[in-house]
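Colleague: Chain residues, written in single-letter form:
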Amino acid sequence: MADGKPLVHLRGIRKRFGSNEVLKGVDLDVHAGEVLCLIGASGSGKSTLLRCINHLETPDAGRVVVDGDLVGYAERDGKLHELPERQIRAQRARIGMVFQHFHLFPHLTALENVREAPMRVHKHSKQTATATARDLLDRVGLAEKAGAYPKHLSGGQQQRVAIARGLAMRPQLMLFDEPTSALDPELVGEVLDVMRDLAVQGMTMIVVTHEMGFAREVASQVAFMADGQIVERGAPADVLANPAHERTRSFLSKVL
Amino acid sequence: MAVDIQAVREADHAIVVVPRRRPWRWIGWAITAVVVVSIAVSFLTNPNYRWDVVGGYLFDQRILDGLVTTLKLTVVSMAIAAALGLLLATMRLSRSTLLRGVAGAYVWLFRGTPILVQLILWYNLAILVPSISIGIPFGPTLWSAATNDLITPWTAAILGLALNEAAYLGEIIRSGIIAVDKGQTEAANALGLSRFDAFRRIVLPQALRVIVPPASNEAIGLLKYSSVVSVIALPELLYSGQLIYGRTYETIPVLLVVCIWYLVVVTVLTVLESRLERRLGVGFRATTDGGKRWSRWLTGNR
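Quick mapping for you: the protein sequence lines, in order, are chains A and B.
No gaps in the numbering here: position 93 of the first sequence is 93 in the working numbering, and each next residue is one more.
To get the working numbering, take the position in the second sequence, counting from 1, and add 256.
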């Protein structure tokens, strides 16, 4: 899998919030079609790292490159100059994101949630955007819920709409920030099923998760983070079943 | 040891539920009925209300002219104040220290001084600034006029009411915007929506739910408070009434006429408000009733 240029290429990512250094120089490569699961204890920097990839957080140092494009900055004279908003938006539009708490737009129906960005950002006509949105809702198994408002959907259904909303922008990369952590246990499966289908269809995904079963089964790589660094990384069979690092062993012994 | 659920259930089904008795509820109704009826009887039978005089003035041309003036003042001032208030709110929430500072100073000044004084100052602007001109600073003048020609009672009243109200509405709008979860903006950003689209399509419709009730309060307050413009000799509803009873001494009946008109307008406003609230609440209630043409237009959701 490691042939050719990676789709996502992170080098030396650092981020601090006040006196707390959350990311201490992270390097990471993800190739097209791969599924990377980021695991680790809360506060280890997984979510912050994910949010640096679509520039929702601005890294203090380091480079984020997605599909050959430096995200958020232009490099000139050995310095990184922050890009104008318009260009950052164009970069973000190619990266889908799913949040722990869904963040669906509560005043819009499921269908309106999904078609909003294609209509505004890609200037798709209402008919085109609606047709695409219906297809996507069908793909996540919610065709019959198109007219429902988020409040009238279960957590699992809301998260599936959120995934459809992300897919509507035809992203090259999907980021998942603990997509099942806010769900009732019996609803986790339906969301993971949708994500598994996506992986099978070849979507490149970076998933912050505590679902070790999902990581073992679906991930092409698992990376374990602790204290703002990637401690260990490799195939799920190696990292999860046969961890090389003491910290990985200690974390896995608590969650498995 | 399993329990036979079916047997237990059949026993339970035989039990009848009797609602608690609520005698105080009936006593409350009785007392309220007595009070309402006695007030109504007094209204109808006490000759001092002079209902014949009230009827005579209800559609008096001077009263109706005053009503129209009051409505114009309220609608125009409120519209200008809403636009300016939205600007002030976004300025106060901006990352720019300059914009935040300017908006903060505006709110401080206009909330901090009596509207009566503001009105008198606007009306007498010519004393402070004899002429107003537009041009390049320290360069040629493109347009100029005497302040006295520009400032009529009307422009002074609109300026005073709108600029004052904008300070209050700005704070109400700001609180509405803050009340929207930060995740909404983040989700909009992650999708690549522009800041303008994210605000108009995602944040504003949700903020309006919080903004509309206090803003309606402000509109109703402004409707009645616009009577302060009588100090600059603009005859709105209340002042028109005062002009009439100043000559005829029919104080109470004329004031009743004025109150009836205020109540009529406030009733209409209240109905409009509750409709607007219902439309903005779509997606936030347990029920799924729709119908939101008005808010769709406002937020561009066709």
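Bear in mind the hints are in silico, worked out from the structure with no lab data behind them.
Since we're looking at a predicted model, the values are computed, not measured.
Hints are not guaranteed to be accurate.
[Claimed, not checked] Here are the simulated lysine to aspartate or glutamate pairs, EDC-like style, with alpha carbons at most 20 Å apart:
{"#": "1", "chain 1": "B", "residue 1": "K328", "chain 2": "B", "residue 2": "E533"}
{"#": "2", "chain 1": "A", "residue 1": "K79", "chain 2": "A", "residue 2": "D60"}
{"#": "3", "chain 1": "A", "residue 1": "K151", "chain 2": "A", "residue 2": "D197"}
{"#": "4", "chain 1": "A", "residue 1": "K123", "chain 2": "B", "residue 2": "D453"}
{"#": "5", "chain 1": "A", "residue 1": "K123", "chain 2": "A", "residue 2": "D135"}
{"#": "6", "chain 1": "A", "residue 1": "K151", "chain 2": "B", "residue 2": "D437"}
{"#": "7", "chain 1": "A", "residue 1": "K151", "chain 2": "B", "residue 2": "E533"}
{"#": "8", "chain 1": "A", "residue 1": "K254", "chain 2": "A", "residue 2": "D238"}
{"#": "9", "chain 1": "B", "residue 1": "K438", "chain 2": "A", "residue 2": "E186"}
{"#": "10", "chain 1": "A", "residue 1": "K126", "chain 2": "B", "residue 2": "D453"}
{"#": "11", "chain 1": "B", "residue 1": "K480", "chain 2": "B", "residue 2": "D321"}
{"#": "12", "chain 1": "B", "residue 1": "K438", "chain 2": "A", "residue 2": "D135"}
{"#": "13", "chain 1": "A", "residue 1": "K5", "chain 2": "A", "residue 2": "E21"}
{"#": "14", "chain 1": "A", "residue 1": "K151", "chain 2": "A", "residue 2": "D184"}
{"#": "15", "chain 1": "A", "residue 1": "K151", "chain 2": "A", "residue 2": "E190"}
{"#": "16", "chain 1": "A", "residue 1": "K123", "chain 2": "A", "residue 2": "E144"}
{"#": "17", "chain 1": "A", "residue 1": "K5", "chain 2": "A", "residue 2": "D69"}
{"#": "18", "chain 1": "B", "residue 1": "K438", "chain 2": "B", "residue 2": "E427"}
Colleague: The structure should be examined with respect to each hint, and the outcome stated for every one.
Modeller: Outcome of the hint check:
The straight-line distance between the Cα atoms of K328/B and E533/B is roughly 24 Å, outside the 20 Å bound, and the hint therefore fails. Between K79/A and D60/A the CA atoms are separated by roughly 12 Å; this keeps the pair inside 20 Å, and the hint holds. Of the supplied pair hints, the one linking K151/A and D197/A is violated, its CA atoms being roughly 26 Å apart against a limit of 20 Å. Pair hint K123/A plus D453/B holds up; C-alpha atoms about 12 Å apart against a cutoff of 20 Å.
The suggested pairing of K123/A with D135/A holds, with an alpha-carbon distance near 18 Å, which does not exceed 20 Å. A hinted pair counts as satisfied when its Cα atoms are at most 20 Å apart, and K151/A with D437/B qualifies at roughly 15 Å. For the proposed pair K151/A and E533/B, the alpha carbon gap of about 18 Å is at most 20 Å, so the pair holds. Of the pairs offered as hints, the one joining K254/A and D238/A holds, with about 18 Å between alpha carbons and a cut-off of 20 Å not exceeded.
For the suggested pair K438/B and E186/A, the alpha carbons sit about 28 Å apart, so the restraint of at most 20 Å is broken. A hinted pair counts as satisfied when its Cα atoms are at most 20 Å apart, and K126/A with D453/B qualifies at roughly 16 Å. At most 20 Å may separate the alpha-carbon atoms for a hinted pair to count; K480/B and D321/B meet this at roughly 16 Å. Annotation: proposed proximity of K438/B to D135/A is violated, straight-line Cα distance about 29 Å (limit 20 Å).
At most 20 Å may separate the alpha-carbon atoms for a hinted pair to count; K5/A and E21/A exceed this at roughly 30 Å. Proposed proximity of K151/A and D184/A is supported: the alpha carbons are some 16 Å apart, at most 20 Å. A hinted pair counts as satisfied when its Cα atoms are at most 20 Å apart, and K151/A with E190/A qualifies at roughly 18 Å. Proposed proximity of K123/A and E144/A is contradicted: the alpha carbons are some 26 Å apart, above 20 Å.
The straight-line distance between the Cα atoms of K5/A and D69/A is roughly 12 Å, inside the 20 Å bound, and the hint therefore holds. Proposed proximity of K438/B and E427/B is supported: the alpha carbons are some 19 Å apart, at most 20 Å.
Consistency with the previously given hints fails for numbers 1, 3, 9, 12, 13, 16, ordered from lowest to highest.
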